[in-house]
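**Q** Make the full structure from the sequences, and use the hints.
Here the protein sequences come in this chain order: A and B.
Position one of the first sequence corresponds to residue 1062 (this note's numbering), numbered consecutively onward.
Position one of the second sequence corresponds to residue 5 (this note's numbering), numbered consecutively onward.
The set of hints was computed from the structure by calculation and includes no laboratory data.
This one's a predicted model, so the numbers in the text were calculated from it and none came from an experiment.
Even for Gly, the Cβ is constructed at its ideal location relative to N, Cα and C.
Among the clues, some could well be false.
Ranges of calculated distance between the beta carbons of each label pair, as one might list FRET restraints [claimed, not checked]: (1) 1310(A) x 25(B): 39 to 47 Å; (2) 25(B) x 1458(A): 46 to 54 Å; (3) 1193(A) x 26(B): 50 to 58 Å; (4) 25(B) x 1199(A): 45 to 53 Å; (5) 1333(A) x 19(B): 23 to 31 Å; (6) 19(B) x 1088(A): 30 to 38 Å.
Here are the computed lysine to aspartate or glutamate pairs in the DMTMM-like style, where the Cα-Cα straight-line distance is at most 25 Å [unchecked claim]: (7) 1333(A) x 1439(A); (8) 37(B) x 1100(A); (9) 1169(A) x 42(B); (10) 1357(A) x 17(B); (11) 37(B) x 1292(A); (12) 1424(A) x 1439(A); (13) 37(B) x 1402(A); (14) 1365(A) x 17(B); (15) 1424(A) x 17(B); (16) 1234(A) x 1196(A); (17) 1234(A) x 1157(A); (18) 37(B) x 1102(A); (19) 37(B) x 1183(A); (20) 37(B) x 1182(A); (21) 1134(A) x 1114(A).
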Amino acid sequence: MNAPVIKLQNKKTAYWNRALVTLTCLSILAAFFWGIMRESENVNPHLRTAFPEAEQFENQSPGNFIALQDGHKIGYVTLSEAHGYGGPLRIAVGVDLKGVIVNLSMIKQRETPSWYQRILDDGFINIFKGKKVTDLFQIGDDVDAVSGATSTSRGITQAVQSASWDIGRDQLKLSVPKQQKPDIQFGLPEIVLGLLILLWLVSKFWLSRHKKHIRWLSLLVSMVTLGFIYDSPLTLSFVNKMLLGYWPDWQNHLYWYMLIAFIVTTFIWNTKSVYCRWICPFGTAQECINILGGAKSRNPLRFKSIFTWTQRSLTWAAILLALIYRNPGMTSYEIFGSLFELQGSTFQFILLAMVMIASVFIKRPWCRYLCPLPPIYDFFKHLQNKAKGKWNKIITN
Amino acid sequence: MEQNNNKLNHRFDYLLLLFVALGVLIVALEVGKNLISEINSGKENLSIQQSIVNSPISKKDKQKSYEEWLKRTSGGREVKDKQP
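**A** As structure tokens, then:
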């Protein structure tokens, strides 16, 4: 092929890339605003569920209602919010004049449907009925979390605690425990993540000769702790949460903020995704099977662009739906939980089996063909390169 | 030998295509299932809302139905008492 033809083709590709990037940005923005517009909140049915005895509700102040029967006050309903796994949870809590919780109603939740179903099946919401507003409402103390949905359980408990204590203190003039500032949760996941970051830094700056061995050490530690013990790999749900603006408090989610800081720093610094290569527990599981099966690093001769664009389209559609329905976990289709916690739907287990079998023959099939994170990474890399190019042009001019 | 290798690689590409197609299908089914449950949860809220809007039982109606019931069951006697 001669030089002018190649030049023309490159120009065409650049044009299409620019058009697609613009279209992606616009569609994501449109989905975000559409999601906001279609979100509506009618609290009336929830007030009735929270206090079924009441005939009327008088709005005392924003989020606080007096429950009335025959014109007489019989209790209070307060709306409260806390952070669950997927985003904010909004709950209506009904309390009678003796300071006993009558009922509660979930107004809004952003949890992954299968996980939220676990909360409902377990009857977790009902355990608060009959509790006093002066109770502690502490997970592990007077409230048992639902296993496998700890963050959701914690979020619901926090919302109920906040509403109950508000009613107890402000309406019933009872002595309630003081609202304490959340403790900074610094445990084994944070320590392990810190250690993995340290390992990467060591191999990068001091022991680059042993890079291969250090990388394997990092991957194995990550798979055991961040995978099998804590099941906390980076997922699309987390990216959706960030896009929707559901930023949780850092004291309870230090691990995630450490991970973001690491990903952003290495993204600016490095050309390859350090998280995928050095930390991802699911990537490690695939690499282990790669070694056992003797998988080769084969690049497809045909359909290469079909594979690339399928992966990108899948990610784009999943993000768009999450933004429209304002539910980050709804479209998170990863199969990490199926492997590390043996929990998930039939579809997820089938997909996991397929990926594991494919790992015998191909290196990291999930990461290369289905994972939503590489397309996101490529998208930001493209934007970064564009910005760099523009910046260089400005400087040279 | 090289021809055989090429043939194998082409077959491998088709297998890969099958893997990706099945993967996408399963992902679509999983996301679709979640989408349906999300839409249904919205509908459930709406139906609660509707039932409240459509059947507001006022105190007057309650009293009326109680009086009618009392009239039916009192055997023609004069009804004076009110619902407690």
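**Q** Which of the numbered hints are not met once you compare them with the structure shown?
**A** none
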